[in-house]
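Hints are included, so try docking the two chains, each in its own frame, into the full complex.
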Amino acid sequence: MKYDVIVVGGGHAGIEAALVSARLGKKTLLITILAEQIGATSCNPAVGGLAKGHLVKELDALGGQMGLATDINGIQYRILNQSKGPAVRGSRAQIDMDKYRVYMKNLVLNSENLDVAQEIAEEIITKDGAVTGIITHLKNHYHAKKIILTTGTFLKGLIHIGEYKQEAGRVGEFAAVNLSDSLKSLGLDMGRLKTGTCPRVDGKSIDFSKMEIQPGDEDPMPFSFRTEKSTFKPHQLPCYIAYTNENTHNIIEGNFHRAPLFTGQIEGTGPRYCPSIEDKINRFRDKDRHHLFVEPQTEEATEYYINGLSTSLPPDTQLSMLHSISGLENAKIVRYGYAIEYDYVNPTELTHALETKKVNGLYCAGQINGTTGYEEAAAQGLMAGINAILSLNDEEPLIFRRDEAYIGVLIDDLVTKGTKEPYRMFTSRAEYRLLLREDNADIRLTPYGYKIGLIDEKTHKKVVQKIDETKRGLEYLEETFLTPSKENIAYLEELGEDKITDKVSLQKIVARKTFTIEKLEKLSEEIASFTPEAKEQILVEAKYKNYIEKQKNQIDHMKEMINIKIPPMMDFSEISGLSNEVVEKLQKFTPPTLFAASEISGMTPAAIDILHIYIKMHHRRK
Amino acid sequence: MDTIAAIATSHGVGSIAVIRLSGPNSLDIAKKLSHKDNFTPRHATLSSLYDDANDLIDESLVIYFQAPRSFTAEDVIEFQCHGGIVVADLILSEVLKHGARLAQPGEFSKRAFLNGRIDLTEAEAIAKLIETKSIDAAKILTRQMKGEVKEFVENIRESLVEILAFVEVNIDYAEEDLPQNLMDQIKDKLDNLRIELKKTYDSSKRREGLIEGFKVAIVGKPNVGKSSLLNALLNYDRAIISDIAGTTRDTIEEEVRIGTHLIKIVDTAGIREANDTIEKIGIERSKTAIEESDIVISMYDNSRVFDEEDAQILSLLQSYGNDKAILHVINKSDLDSKFHNVMIAEKAIKLNCKFGAETIALEIEKILDKSSLDETLLLTSKRQMEAVENTYSSIEMSIELLSEGELELFAFNLNEAIMSISSISRNFARTEILDKMFGSFCLGK
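Chains as they are written, first to last, in our numbering: chain A, 174 to 795; chain B, 204 to 648.
The following block holds chain B by itself, in its conformation from the complex (with noise of 0.2 Å):
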């Protein structure tokens, strides 16, 4: 059984993440990282964790949960860090280098299930579970895999299908007469491979964190109900609300699922030219988010009149003229109106705190259930980084035994190779191989 890893709180929220990992192997990743002998079981002991380098990543609590006395009855041990993307990105990644992998969707409950660790009931609650995160993750992947992502992924596995099949028609077909100068095309192909594999891993390393899922950015004025607004759609009591002006500083990001979308939802600071400095980080992160976003909600308010701010964040908005979706929303319809422009007021959904956020939210929807159609993104998850990171390693390995003429070595590692990227594709059959060494190629007595 191998050791599974995975951040086990939402992503990028709340003051502490936690890590957790179940199998065999995790007490021994958890001494590596700690650089402590042992851990008491369920002792909650404060330790340093360090990666490879020997560099501090972070002060952590460690929670030791010896099999089978946890919730997987394997081996568990979490991690409390500090909360936010990056402390537990590292961790996490300083976890999967040391051996473990990235856990399926509700992996952690099925090993729970099959060690008898939940009864029959919750049982099958989580094979719901295992087949909605599936859609899920099958949907976002779709809605990815129509835009570059797919055409780059099936580019190289096509390749490198190919490229096996020709080796592995070398191979069981000694004594046909198969073209000579091939095996250096060969190497020129994986070459390339190589180099498009390395340049796509490094730019989505870059922006790792910043495209996952569709963003969608809520902007106006102080005080007009934004966070009042997300909180609806999150159904879930986050931002601090306040009838002070301001009182959001920063911008908050909470994921939520609408339709069939992941989407993050970032509730900004009151845009307006500040000259308090921290409102003015909150400002410029709220342009930033507008930028990013791929729909934005305008709101204003009705008990108020449209005045200079209104008028700055609309034209902000209009300078992206139709490459950004809007959507308008008045705030505070119950109130005594006196909102005056007209021409917003016409589009706008109207909303007060006891509905209009439904109507949002399947405006959301619309939006994105068309957009989806041709979004373009690069690779936004720790698994697709990690099937292309092994594909490219897979291929370096291959090369080098293809030129030292170890045939059935390079043979083995370009079938890795194709293993690792079709995981963020679709499944790898041997037979596949087969009908390209027959298609390409004329074989047989």
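Extracted from the complex, chain A is given alone in its bound form (with noise of 0.2 Å):
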């Protein structure tokens, strides 16, 4: 059978892909180990969260699914750090796991060119150092050109519960195993990591009135762009907060032996950021107590996922550190928590087009990548779908920079670097931070997302009409300027501002902490006339413009050295000059630019100058 695009895996990154795929019209096949987990969230019931939160908008801004997924079955909103500053606001969203994961289903199997098949993909077929096809375990052979594997922790997946071992991919499924040693056999190198996650309880065997109660915002926004906000009214649940205390801390200290993390059974590499409690007691002793979020699973709430108590630690424990917290003392465990080990690629074989660089026409996305969460997942999903459709048009590939989007730290991150633990997105990790913005994803990636065809003309257009609107509110403030005139001074009296001392510009004043939208819009009849989202973008864009034009050089400078491409075929150790050191480095990651040769721990200004010298004078000799 011949196919355009095949997506191997359905889960958050597959599921994105395959949408492309199947919307920019090519023929697609979705191979899938079981067909009614398609969308299923292994892990907690919740999209988005800080940076995750910019993920899912930028993703929405492109075109992608998961942003509408989340509106339409979320059963709870907050923005995260309300109360700092927008560029580090992040949205939030439980869900009904069940509702998602059905409606992820179905939408996929409603898809038009868009065919799934439930079998398990064991075997690439590869013909000149390109992809050809798919053997399954049923020897069907699926043909074509471009192959996406989404395979998340499916990869040789081991689950741990105690002693409890078991190959799975997720609790209760197959893992897939001989798919690892065909991708080893293509000459990839793999690695092995570990993520876990939490135990789920019964929720009427939860005491609630000993917990402090957790709510929706009052005044709940949609995630997507796309979302009408006027009839945004979902039903809300609230969450609840417990805490873990010395007891629980001994139990669980005095069942270290039977923990698979510190026996030896796991050898993969956790992540740091999202430790087991074994392993938050171990290495943080001091603590007296830790957070844990009690989340509803879906609507019914029959089911609570108690998200902080990440473990793997054997039932009986599990169970009784359970019982030794307030509001938990009756817990009933429906599914306890586990520990799971999977194989990885290492995404330093991968290019900015999330191709791997030795097998033309493969691709891979998510956890395979050494990611964790479903946000990144469906974020590079997303791109190795628009990216594998691209080359089958024979375009170039869509590849964000580090200042135009996560996504684009996200991948420049795992291509150049590559992880060694499951890798988180965080704000931090982005250095344009003050750019990256939730509130301006739409600006920054909706005209990408109408080129190639994935967003429609009428979003297209409120973005058009949003970025203009924010241009003409923002040259209207530089280009008005106060002076202390007795006049101004009630003025800005009036408004409830400090007065000035000097001539400033409006934008100076409206950069202002105490500034709101309500004293902008007092300020020109025209701004007060534009749409709510483009007088945000004014405040916001008013507030940070100093320190982005600070930035600008640095952006500049990252800019010129992208554009410098290190011809393939460069041999390293033939520049006079390098340290053996640098040289080792660079012919292991293999930087398609001077940009990414600069961003390889260990590379030295001079290295990266005569580096640069040395690639010019290669041209020159052509």
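In case anyone wonders, no lab produced these hints; they're calculated from the structure. In this text, all values refer to a predicted model and were calculated from it rather than measured experimentally. Some clues are possibly wrong.
[To be verified] In silico SDA-like pairs for lysine to any residue, Cα to Cα no more than 20 Å straight-line:
| hint | chain 1 | residue 1 | chain 2 | residue 2 |
| --- | --- | --- | --- | --- |
| 1 | A | Lys686 | B | Lys300 |
| 2 | A | Lys723 | B | Glu609 |
| 3 | B | Lys639 | A | Arg456 |
| 4 | B | Lys300 | A | Asn726 |
[Said to hold, decoys possible] Beyond 12 Å from chain A on every Cβ pair, some chain B residues (computed):
| hint | residue |
| --- | --- |
| 5 | Ala211 |
| 6 | Ser250 |
| 7 | Asn318 |
| 8 | Asp391 |
| 9 | Lys490 |
| 10 | Ile529 |
| 11 | Glu561 |
| 12 | Leu565 |
| 13 | Glu589 |
| 14 | Glu607 |
[As the list claims (entries may be wrong)] With beta-carbon atoms standing in for the labels, derived distance ranges:
| hint | chain 1 | residue 1 | chain 2 | residue 2 | range |
| --- | --- | --- | --- | --- | --- |
| 15 | A | Arg645 | B | Lys402 | 46 to 52 Å |
| 16 | B | Met204 | A | Glu340 | 45 to 51 Å |
| 17 | B | Lys402 | A | Ser382 | 35 to 41 Å |
| 18 | B | Lys392 | A | Leu207 | 52 to 58 Å |
| 19 | A | Arg508 | B | Met204 | 57 to 63 Å |
Cβ atoms here follow ideal geometry from the backbone N, Cα and C, with glycine treated the same way.
Right, here's the structure in full:
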């Protein structure tokens, strides 16, 4: 059977990749081990969070699905860091994980150009260094020029609960064993990682009266730029906050000798920023309590996810540590927490288009690239899908720079630096954080989504209007100056603003922390007539303007360096003046641009200068 | 492309110093400093230069090379001002204030190559140059870095990274329960850092130009051959050599590289109690030169007897005990010996106009190799000063933002501060922050 694109895996990365491909008119096949589980949330029942929310907004601005799905299936919405600046606010939602999954599964099955096959992919077929197709466990041969692997934790997945071990991709599902070997035989560098999940507790066994309640925002905001705000009135459920205590810690510590993490049973590397509870107790003995979030898994709230209690301790320990926690004294575990080890592809094997350097037409996205998180996965899935299609159409790949999108930071980090632990996005990874905000994700990326064909005319028009109004508003603020005249000081007082002593532009005044949209509307009738989105944008841009200007030099420098391509066949060992250490690193990472080379740790400015000169010499010799 | 600037002539010597700028803002900067509206390309214009308080710095020749007809193929400005350290440095710091930045080693040549001004064979040489210069710079830095500068810089860098990590935790883990009183502690810490930076900056500023590399002083009575030795060491004929005693009235300094060390050799006027006022100033300077030097070369004349003057110098040197490395050198060893101080003759290096200078150079290298292990120095270069100054002002800004609760802007400035201080220690990678975050705080669900 012949397809244009085959996607292997029906998780958050696979869904985005398959939908992009189908929507852009390519004949697409999604191969999944269990069709029932398309869109399953294996870990917590939530989407977004800091930096992750940014990724979802960016994905949405480009025409991805996750934001819309969250708006339709959410049961609680919050903006985190509300008290901090707009650049570091993040949207987060609790979702009904069952509804979310069914919604995604139906969407996929109802999509035109998209077939689903419930099979296990076992072998990648290649010819002359390029993929031609896939063979499944049923010995079906599927052919395509582009294959996107989004296998999540399924490659040689191995589950641990205490001493119990089971080969599985997720609890209750087969692992993909042979595919991993097939990738190795293609020469890809593979590694092993570990992640884990928390116990799920029967809702009726919890005493919520002993916990702090955490409701959603009173005025919930949707994720998607395409969800109509005025009619967005979701029914919201609360989460609860509980705490571990000394007794809990003693129980855990007393069972360290039975913890797979410490006995050597688990070999893969786990994430430092999402450690299991036994790891937290081990590393931070002096902390007297740990935060737990008790989150409903579905709208019916029959089961609660005990967020913060990721563990692979034996079942009896899981139960006794839960019982030591106030409100969970009588808790009954429906599903035990577990750890899972799985194979991943070293992401330095990939180009910025997420295509493997060794095998043409083979793309990887999501946890297979060493990341963790639904949002990180979905963002990569979308980009792998877009780039596979662009390549099929003989067009240049879509690659975002670090100053354009969190997606750009994510992919650049992965493919240039690699990762040794599951990679999670943080706002602190983005050096141009003040530029990359949730509120301007549409301004930054929707024009690309429109050009590719994933964003409709109407949505695009709205964004163009937002761009235009923002620009006009900012120009007005920058070109209008106030002198400290009596009149103006009275005017400022009327606005509720401190007086000025020098001549300043309105932009400087709007940049003040005390400034609000209501005040902005009073400054100009024209601005008052703009859309609420544009007004918010003007306020935020005015606030950050001076900082953004400061970073321009750095960005220009980065752009120049990105434009200096390193020829793929460059022999670094021939360059006189580079230390052996630097040559080794260059050979290992084969950076495509001078910028990528400069991002490799251990590179010195002198080495970059020398490299730059040799690249130029290389060109001139030709 | 940014505009770069550097003093193009050897630091502190020569009757003319040249400050060169290259890049799009060169002409603008020249206009601002000279208060002139324009410069004709390739014409030398005599112009007064002013600092930002409108005080006159110097009369200088200004030459404008319009792009692409210049060495780098960019807009280039050259200021030719009066020689010496002070004027050239003043002009350079004005230029930097107006937005140029200090050029990296070999950067002018690098731009010339990248813009097609230099051919391939020359490019190889430039690559080598960048390499050696940076090794050189790295060595000098390492030498300094072994002492208090390293400790100072590393401590500040470490504290800043820690503080930034804490703030990033507050941003990236909005829901974690982190200690509340830490914000006050951060402010105190930053205040202390600010004070420390300011102190170091000010005291370095006072001593700027005094401490630049190792100093070697050549002392001895008049006409003993100090200038000839200096020239032999430099292989550079710049001191006035004559047979009349007391010709070298001033100290003469020259930079030279011996082994991996950058050193300054100071040729002093003959040390003797003189009535002649000019000579007296010279002697004062000699004493100062000994005081400031790391190594003293004490010269004697083989063709003359060890006299009262030699004895005076010797006793002056002996007063330093073992604090000062001293090389005794007996010059004119090819002439008939009248020198009879056996104690000195035994340990001295014999020198004549044909050989001996190399032996001295090797001795200097040996001593410096040893002493560079425990050197302690202050900030010694413009680049370090600039870095500390930028760190200081970024911290100052960040403190203000912290009290206003603007965490992301606070983090922005702190990040700038770390980048500045890191430019004189080691590169800053953002993963360091993450390492600190997860190393110091228990995070994650």
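Hints, verified against the model:
With a C-alpha separation of about 30 Å, the suggested pairing of A:Lys686 with B:Lys300 is violated against the 20 Å cut-off. Distance check on the hinted pair: A:Lys723 and B:Glu609 sit about 17 Å apart at the alpha-carbon level, within 20 Å; holds. With a C-alpha separation of about 14 Å, the suggested pairing of B:Lys639 with A:Arg456 holds against the 20 Å cut-off. A distance of roughly 16 Å separates the Cα atoms of B:Lys300 and A:Asn726; the hinted pair therefore holds under the 20 Å criterion.
At the 12 Å boundary, the C-beta of B:Ala211 stays outside the reach of chain A, the nearest C-beta of that chain being 19 Å off. In this structure B:Ser250 is separated from chain A by more than 12 Å, as the shortest Cβ-Cβ distance comes to about 29 Å. The non-interface label for B:Asn318 is inconsistent with chain A: the shortest C-beta to C-beta separation is roughly 10 Å, within 12 Å. Residue placement check: B:Asp391 keeps its beta carbon more than 12 Å from all beta carbons of chain A (closest about 22 Å).
Non-interface call for B:Lys490 relative to chain A: holds, since the shortest CB-CB distance, roughly 41 Å, exceeds 12 Å. Annotated as non-interface, B:Ile529 keeps its C-beta farther than 12 Å from every C-beta of chain A; the closest such distance is 37 Å. Under the 12 Å C-beta cut-off, the non-interface status given to B:Glu561 relative to chain A holds; the minimum distance is some 28 Å. For B:Leu565, the shortest C-beta to C-beta distance to chain A comes to about 28 Å, beyond the 12 Å cut-off, and the non-interface label holds.
For B:Glu589, the condition that its CB be more than 12 Å from all CB atoms of chain A holds, with the nearest at approximately 16 Å. Under the 12 Å C-beta cut-off, the non-interface status given to B:Glu607 relative to chain A is violated; the minimum distance is some 6 Å. One distance hint, 46 to 52 Å for the beta-carbon pair A:Arg645 and B:Lys402, holds here, with the actual separation near 49 Å. Distance hint check for B:Met204 and A:Glu340: the Cβ-Cβ separation is about 57 Å, which falls outside the suggested range of 45 to 51 Å.
Between B:Lys402 and A:Ser382 the CB atoms are about 58 Å apart, so this pair departs from the stated range of 35 to 41 Å. The hint said 52 to 58 Å for the Cβ distance between B:Lys392 and A:Leu207, and at roughly 54 Å that hint holds. At about 59 Å, the beta-carbon gap between A:Arg508 and B:Met204 stays in the expected band of 57 to 63 Å.
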